[in-house]
Amino acid sequence: MDLFIAPGGTTLAIYDEAIDLHTLGTTTITRASHVEPDESGQWHADMVDGPQLGPFARRSEALAAEVTWLTEHRLLSQP
0 MDLFIAPGGT TLAIYDEAID LHTLGTTTIT RASHVEPDES GQWHADMVDG PQLGPFARRS
60 EALAAEVTWL TEHRLLSQP
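So for the sequence shown, numbering that gives the first Met the number 0 puts the first residue at 0; every next one is plus one.
By construction, these hints were calculated from the structure, which means they are not laboratory data.
Backbone N, C-alpha and C fix where the C-beta goes; we use that ideal spot for every residue, glycine too.
Among the hints, erroneous ones may be present.
[Said to hold, decoys possible] For each label pair, taking beta carbons as the anchor points, the in silico distance ranges come out as:
1. Val66 / Ile4: 14 to 24 angstroms
2. Glu38 / Gly8: 38 to 48 angstroms
3. Pro54 / Gly24: 31 to 41 angstroms
4. Asp45 / Pro6: 38 to 48 angstroms
5. Pro6 / Val66: 21 to 31 angstroms
6. Glu35 / Ile4: 29 to 39 angstroms
7. Asp1 / Arg30: 11 to 21 angstroms
8. Gln51 / Thr27: 19 to 29 angstroms
9. Ile18 / Ser39: 32 to 42 angstroms
10. Gln41 / Pro6: 26 to 36 angstroms
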């Protein structure tokens, strides 16, 4: 689990249960995407305020693409 700490102390992360985020202080969790299958069994990662990624043959591929996109566009792009 990667934690991104801004100069003001705000910490951003893609939610994971590897650590208890509440131990860092006040926590706000918001949905950033949805990973869902389509009618043909292909998987898509639908990013909130972003693109739809996919289709992918496997859910794990959609989840990996989701994490990569969120890391590049939401975490690393923070001021």
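A quick look at each hint next to the structure:
A C-beta distance of roughly 19 angstroms is found between Val66 and Ile4, which places it inside the suggested range of 14 to 24 angstroms. A C-beta distance of roughly 45 angstroms is found between Glu38 and Gly8, which places it inside the suggested range of 38 to 48 angstroms. Pro54 and Gly24 have their C-beta atoms about 39 angstroms apart, which keeps the hinted 31 to 41 angstroms range intact. Between Asp45 and Pro6 the Cβ separation comes to about 32 angstroms, which falls outside the hinted range of 38 to 48 angstroms.
Hint check: Pro6 to Val66, Cβ distance near 24 angstroms, so the stated range 21 to 31 angstroms holds. Restraint check, Glu35 to Ile4: a C-beta distance of roughly 32 angstroms satisfies the suggested window 29 to 39 angstroms. Between Asp1 and Arg30 the beta carbon distance is about 19 angstroms. The supplied range of 11 to 21 angstroms therefore holds. Take Gln51 and Thr27: their Cβ atoms lie about 25 angstroms apart, and the range 19 to 29 angstroms holds.
Checked against the hint of 32 to 42 angstroms, the C-beta distance between Ile18 and Ser39 comes to roughly 37 angstroms, which is consistent with it. Between Gln41 and Pro6, the C-beta spacing of about 41 angstroms breaks the proposed range 26 to 36 angstroms.
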